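> The listed protein sequences derive, respectively, from chains A and B. Each step along the first sequence adds one to the number in the working numbering, with nothing skipped, and position 254 is 254. Each step along the second sequence adds one to the number in the working numbering, with nothing skipped, and position 83 is 83.
In case anyone wonders, no lab produced these hints; they're calculated from the structure. One should not assume that every hint holds.
[As the list claims (entries may be wrong)] Which stretches of chain A does chain B cover? Using the computed rule of at least three CB atoms under 8 Å from a CB of chain B, they are:
| hint | stretch |
| --- | --- |
| 1 | 206-215 |
| 2 | 303-314 |
| 3 | 443-452 |
| 4 | 640-649 |
Treat the numbers as computed from the prediction; the structure is a model and nothing was measured. Where is the CB? At the ideal position from N, CA and C, for every residue including glycine.
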Amino acid sequence: MRYAETGFNLEVDLSRGNIERVPSDPHMTELYLGGLGTNAQIMWDRVGPDVEPFSPENLLIFGTGLLAGTPAPGTNRTIVSSISPQSRLLAFSMMGGFWGPELKHAGYDKVIIRGKSPDLVYLYINDDRVEIRDATRFRGLGTLETAEVIREELNDPNVQVASIGMAGENRVFFASIEQGRASASRQGMGAIMGDKNLKAIAVRGSKDINIARPMEFIDHCNAALKYIEHRDKNPIRGVIPILAGLGSPQEMAVHDEQWHTENFMWGNARERRKGFWNPEIQEQWTGTMETMRTRLLSCHNCPMKCGASIAVDKRFCSYMMKCFSKLTYTMAAYSDLDFGLRMAQKATEYGVDAFSCPQTMAFAVELYEAGILTDQDMSGMPKDNDERFFWLLDSIVRREGIGDVLADGTYWAAKTIGKGAEEYAHNNIRKTEQLPLKLGMLNPIYFLMYATGEKANITQIEGQFPQSPFPTREENEAFVEDWIHVPDERFKEWFVEWELRGEKSIPNYPPPEAASEIVNWQEQMHYIDDSTGMCAGLSSFPLKPPFHIHNLPGLISSGAGLDLDEAALVHTTRRIRTLVRANNLRRGMNWEDEKPPEDHWKHRFPELEAKLLQEYYRFKGWNSEGVPTRETLHDLDLDFVAEEFAETGILKEEPVGSAT
Amino acid sequence: MSAAVKTKTVKRIRIDVDKCNGCRACEVICAAHHAQPRFSSTNPARARIRVIRYPLSDIYVPVLAGEYTAAECPGRDRYVIGGKEYEECAFCRASCPSRDFFKEPDSDLPLKCDMCESDPTLEEPLCVQWCLADALVYEEYEEEVKDEPAPDEVDEGLLALAHRHGWDKVRDAMTRMANKAPGA
Chain A
1 MRYAETGFNL
11 EVDLSRGNIE
21 RVPSDPHMTE
31 LYLGGLGTNA
41 QIMWDRVGPD
51 VEPFSPENLL
61 IFGTGLLAGT
71 PAPGTNRTIV
81 SSISPQSRLL
91 AFSMMGGFWG
101 PELKHAGYDK
111 VIIRGKSPDL
121 VYLYINDDRV
131 EIRDATRFRG
141 LGTLETAEVI
151 REELNDPNVQ
161 VASIGMAGEN
171 RVFFASIEQG
181 RASASRQGMG
191 AIMGDKNLKA
201 IAVRGSKDIN
211 IARPMEFIDH
221 CNAALKYIEH
231 RDKNPIRGVI
241 PILAGLGSPQ
251 EMAVHDEQWH
261 TENFMWGNAR
271 ERRKGFWNPE
281 IQEQWTGTME
291 TMRTRLLSCH
301 NCPMKCGASI
311 AVDKRFCSYM
321 MKCFSKLTYT
331 MAAYSDLDFG
341 LRMAQKATEY
351 GVDAFSCPQT
361 MAFAVELYEA
371 GILTDQDMSG
381 MPKDNDERFF
391 WLLDSIVRRE
401 GIGDVLADGT
411 YWAAKTIGKG
421 AEEYAHNNIR
431 KTEQLPLKLG
441 MLNPIYFLMY
451 ATGEKANITQ
461 IEGQFPQSPF
471 PTREENEAFV
481 EDWIHVPDER
491 FKEWFVEWEL
501 RGEKSIPNYP
511 PPEAASEIVN
521 WQEQMHYIDD
531 STGMCAGLSS
541 FPLKPPFHIH
551 NLPGLISSGA
561 GLDLDEAALV
571 HTTRRIRTLV
581 RANNLRRGMN
591 WEDEKPPEDH
601 WKHRFPELEA
611 KLLQEYYRFK
621 GWNSEGVPTR
631 ETLHDLDLDF
641 VAEEFAETGI
651 LKEEPVGSAT
Chain B
1 MSAAVKTKTV
11 KRIRIDVDKC
21 NGCRACEVIC
31 AAHHAQPRFS
41 STNPARARIR
51 VIRYPLSDIY
61 VPVLAGEYTA
71 AECPGRDRYV
81 IGGKEYEECA
91 FCRASCPSRD
101 FFKEPDSDLP
111 LKCDMCESDP
121 TLEEPLCVQW
131 CLADALVYEE
141 YEEEVKDEPA
151 PDEVDEGLLA
161 LAHRHGWDKV
171 RDAMTRMANK
181 APGA
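Could you build all of it, start to finish, from the sequences and the hints given here?
Structure below.
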C-alpha cells in the first residue's frame, strides 16, 4: 500500500485524446518526495532543453504535494510546473485551495498534460471516470464563471475546478490558473494551459488517503494545532501587524497597510511614497474593506484565514482574494482601494497574475507619458486614470492593439517597442521577472535570495529569518528565546549580533558565510513545503511557524511511511533544489543573470556582491559559474545530470571548494 | 400518578455559520477518526459532518449526519436568510436518496454522527477540537425527562408482534415453539 500519496498519475495526451492511469515509482518518492520534487524529475526526463514553451512537447504538470489531503493542517498545495513562456525556464507556480486534495481523493497524485487539443476542451475527473469534454461554448468566459457553468453541467456543486480565463486562452505571458479562492498565478502557467486548448480541469474524488503510522502522525497534527492557537494569542512583538502572525500576510483581516503602501513602490515600481498612510486614508480603506469583504476564508484543512470573499457587483461574493493582490492594482494606478478591489475582480475572471499584470499596465502608462508609446499606439485609451487601467487590462487579455505587445510582460514588450522602452523595464530580476519594490541599502540575505532563487521571486524563499534586527540587542535576545525553529544555535547568535546601525549592520552583516547559511535554511524550508504540499503560511513563510526542520521529518515520515531523519530530509531537499536548478541550467540560464535589478537598492557594492555569490556557490557545492560540481551531483544521486552537463559543456572541470 | 422526573445530560454541537471559514477540517478529522484503525486514512466522502459550500453565494453551512431516511422528501423548500437563498437540504441532517452525503462511498450504507464516542471518552468531538474558528462549539446541558422504568425488551417485542398479528396467533406460536425448545 502507498501512504499519503496515491501512487498513480493521470497522463493525458490532448493531441490524441488519450488518457492513462499510470503507477508511479515509489523510489522516486524516496528521492524527490512529491509536488515540485517529482515534477522537476519528470520535467528533466521528458522535456528536453530545446522544447519551446508553446509546443505540444512541453508538459503541464499539476503535481499535488506528498502530504496534500492528509489530516496535517495546511497540506493542500498543488505545484504547477511547465516551461514558462516568460522566462523560458522551468516554472513552478503554486496554488492552495481545495483542488489538490480533491485530486488525491480521486486517486491521483499528478495530472500530466501533453500535446494540444484541436478544440477548446475541459478535463473531468471523477474517481476512475476521466473524460475530455467539449468546452468551445465556454470560450471567453471568466475563470469563476467557467467553474460555475461546469458545476451546473455536471450537476455537482462539490466539483473543484481549476480554470483559465481570456488571458490564458490568448496566451498572455502572465496568465494565471484560478481555482476559487486560490490561484497558480506566476510565470504564465495559464498561457500554457491556453496553448494546449485546455479551459479547465474539474475534479471530484471519493477515495481514501492512507496514513502509514496513524497515531504518531495525528500527534504531530494536534501539536501543530495547539501551537497555532498559542501563536494566535502571542503575536511576534516589534514587527508590523501583517507579519506578526501566521499564514500569508494577513491583508484580508488587518487594515493597517502603512508598511506596504510606504515601502513598496507605486506605479511601475517607480515611487516610494513616504508618509502616504494617514488616518484619513486608513478610515477610507478600512471602510472599503469592511463593506466589500463578506467573509474571511481558509484553504482545505487549514485554520488560517488568509483569503476573503469580496462583493463587488453581487451582494455576497463576486470573487475571492488573498494577500498582496489587495493592493497591487491600487498602487500600480495610484488609485484607492475601492478601485483596486474592483479591478482585481475583473482580473481574477480574466485570469492574470496580480503582481506582473498591474506593473505591466503601469509600465505602459509610463511609456505613454514619456512619449515612447504614442496616441496612435494607445488609440481608444480613455483620459480618466482608473478607466485607463480597465482599458489596458481589456486590451492585454484580448491581445488587441498595444495589448498584444504588453501581454508578453515588460521585458519582451520593451524589446518589441524599442525606442528606449528597455530603460522602463527597470525592475526585472533574471531579466523577465518583475519585482514590486525597491530599497535603500543592500541586504546580503535578500541579495542572495533575489540572485539565486530558481523561481526568481523571493516570496519563494524568504520567511524564517527576520527581515531586519530589532532596535536593541535586548529585543534581539528576547526574540531568540523561544526560537526553536533554527537548525542550530549559530543562527540565534548571528541574529543577536545583528545591529540596525554600526559595525554589524547591512550591507556587511551578516557576513557572506552566515548569509549563505541563512539563505540555505530559508530556501530549504520552502523546498520541503513545495514538495510536501504544506502551505508556506504554516511553515516556511512566517516567523516562528508550527512546522519546522525539527518536526517535519517526523510528520513526513509517519504520514508517508518514509524513514527520514533531519539529515536525510535536508539531503533530499538539496537534491530537489539542485535538480530544479539543473532544469534551468540546461535551458541556458547563466550565472551572469543571477542578479537583482540594477537599481533595486540605491546603494550597491559590486565587490561584496561578487563575494556573497561566490561564497553561496561554494557553500552549495557549485563551481564559480553556479553549476553543481560532479562531486555534488554524485553525492545527491544526480549523476545523470553530471553526465549531460559534461557532454553539453555546461560543467567544465575545475577545482572547487568542498561541498557541505 | 405521574412518573418521577430525572435529569439527563444532552450533548450538543452549536454551529455558528457566520464563523465558518469553509476549511473542511471537520470533515477531514471526522473521517480520520472513524477510519479503521483509527486515523489510518481520511476521506471527506466518509465524514459524518459536511460543510455545504456555495462560495460564490458566500454560503458555508456545517451539517452533522443524522438519521437515515429511505425516501426523499416529496417537495423542496427554499429559505431566504439575510438575503441569501438556501436549499432546504442545506440544513438537513438525513442520509437520504436525494444526495450522496452521509453514505459510505463503497457500500452506500448510511453514516451518522456519534459525537466521537470512543474509549477513552474524548473531551469534545474532534470536529469541534479541530475547528479553531469556533464555528463548532461543544456544549453539554441537563434536560429533565420522565423517569419511567425502561420497558423490558422481550415485552416490547411481544407487544409489537401482537399488534401486528393479534394475541391469538402469538399465543399459539409461543406455546408451539416453547414446547419444542431445548430443555422443554
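> Next, verify each hint and record whether it holds.
Hint check:
no.: 1; hint: 206-215; in the structure: holds (count 8)
no.: 2; hint: 303-314; in the structure: holds (count 5)
no.: 3; hint: 443-452; in the structure: violated (count 0)
no.: 4; hint: 640-649; in the structure: violated (count 0)
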